[in-house]
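Heads up: the sequence lines are chains A and B, in that order. Going by our numbering, the first sequence opens with residue 1, and the numbers climb by one from there. Going by our numbering, the second sequence opens with residue 1001, and the numbers climb by one from there.
Hint data in this document are derived by calculation from the structure and do not stem from the laboratory. Any given hint could turn out to be false.
Here are some of the chain A residues that sit facing chain B, going by a computed Cβ distance under 10 Å [to be verified]: (1) 21; (2) 82; (3) 213; (4) 249.
Covered stretches of chain B, as calculated for chain A (at least 3 residues, CB under 8 Å) [claimed, not checked]: (5) 1023 to 1032; (6) 1040 to 1054.
Heads up, the beta-carbon is just placed ideally off N, CA and C, and yes, glycines get one too.
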Amino acid sequence: MIRAAAVLAIFLLASPAHALVVRDMLGRDVSLTAPPARIVSLVPSVTETAFALGGEARLVGVSDFCDWPPAARAKPRVGGMINPSLEAIVALKPDLVVGTDEGNREETFLQLRRLGIPVYVVHARRVAEMYELITRVGELTGRTDAVAPLVGGIRRRIEAVRERVSGLPAPRVLYVLWPDPLLVPGRDSHLTEMIELAGGHSITAAEPVSYVRFSIEAAVARAPEVIVLADHSSGASTAGRAAPEKWQTLTSVPAIRAGRLYSVDLSILHRYGPRVPEGLEILARMIHPEAFK
Amino acid sequence: MNDARRLVSVLAALAVVLLALGVAALFVGSAGLSPAAVARALAGRAEASSVEAIVTLSLRLPRVAVAVLAGGALAVAGVGFQALTRNPLAEPSVLGVSSGAAFGVVLAQILGLQAGIVAALGVAVFAFAGALLAASVVYLVATAPGGLAVQTLLLAGVIVGIFFSAAITVIISLVDFNRLSGVIHWLLGNLAPIPAASLALFAALAAGGIWLILTRARELNLLALGEEAASQLGVDAERLKRQVFIAAALLTGTVVAFTGPIGFVGLIVPHVLRGLVGHDNRLLVPTSALAGGAFLLAADTLARNVVAPAELSVGVITAFCGAPFFVWVLRTRSRPA
């Protein structure tokens, strides 16, 4: 009886202004007055997911890096992932800002919360977490119905790739995130999982962090059979171009001798969103061309 | 008397410029507010949760305050270091003192000091310690045998700066890669609106440092005649140097703790002012405090508007102004007699 009264008291005392509390992917509580209707996304993969779910009407602003699908470019921009303009965000009157723990700054989240804007942080390093991300974005954009078909489609395409490469010997793969200084994915990077799903073995899979500055000597010594270069260049900019010619001189490397040096558009493979199967299929064709004949 | 009148008129003119810049800065920004909306917010007639109130009062106003404080503190730190070393090129970033302070801040962040007023004080203490350490090393290196040569001091500063930059690189390559870009962004020097309590702390520390140097301005004038001459005129040169040294390190450390390392303000501002008010430190310190604030405010207003809605680091703009300025001063003013 007393307990029931206490529960009722707590219920009555709870501010009606914060009727809705959701937990973000870092386990932090986010108080909302109502289901969000005006969302600013600072995360390209969240933007892609919102569009794929048909929830883009609730996106009122995106980061400068949210360039997919093409319609995302028409949304108001709020600046980069590291240095978005707080002013531009506030001016869009968002009731929620979605950020990521991989690419945004914690300071930005602090400043937004201080201004009374709730921040929802996503976290995805694994395919399983990507499904979770899609589910969360579905909830936030009010498109929960669209989650199962999208996730189902992605699962089927990933499964199809796995079936094709299963039983094939896994070649040693060097994935080059950035050529100079050499930056490679380690154990906690989603790229390592992607390479494994595509039937390869990343030669830097055992490195204990997500991204590693790696010695070119060590990379050569591990004799990769396939080298995949991430192409960072976009549009007119040639900065971060894959530059395969720099690798051609390393003729002792099996991948170079066999002519198995590839480059891949970074934005497809590096974003944890609906284009993951597409990226996986591209990667699998590079690692196991024989399975896709 | 003449000096006092001159000081008042220059200070009044600078205050007008600062005020005009401050008002202008409140009216521009990527939110694209109409002047009427900004005026409504400033007059307190906008609803607290409205876009104009939040942008004007919670984003632009504190950022203007940070710019004025940081610019004033850096310029006075420059005056302090210049008087101390009798070198017109001495300045927190050139002397490597900013790098020392930045090392302190990065260390504090690694130790987990993030947000809140206590943490802000902790970061400021680390930054001050780093600034003091770097400044001491520069001083010891440059004074060792036979006095302070202009070039030796600058080279010592460059070397100490390189050393602390390397130390920062070591620390950040040990932390999570995902935080790297954030740290690099911070190292470029960025102004951001900070909460009221931290702003008050910033103001108190900056005011303390400026006051320390201001009250020693007369003695610093005597020091300019040479240590021996100053001693004969009753100045305890060692004590004076120690005090000004600590005050300049405090100013540098405080600014770095709250904004990141921003270079060259302490070089440009006092130098331009010497052309206007002369070499008297009693005029130079207060005018530098105002003009430094105005300069950094102008630079930051530019930084947050040229590539809007993205933002440039204000440290990039001051460096673009400061590096050519440094060369010019080096070529024209510090030629050995």
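Hints, verified against the model:
1. 21: Interface hint status for residue 21 of chain A: violated (20 Å vs cutoff 10 Å).
2. 82: Since the shortest Cβ distance to chain B is 5 Å, the answer is holds.
3. 213: For residue 213 of chain A, the interface hint holds, since the closest Cβ of chain B sits about 7 Å away, which is under 10 Å.
4. 249: violated, 27 Å
5. 1023 to 1032: The restraint on the stretch 1023 to 1032 of chain B holds, since 4 of its residues have a Cβ under 8 Å from chain A and three suffice.
6. 1040 to 1054: holds (count 3)
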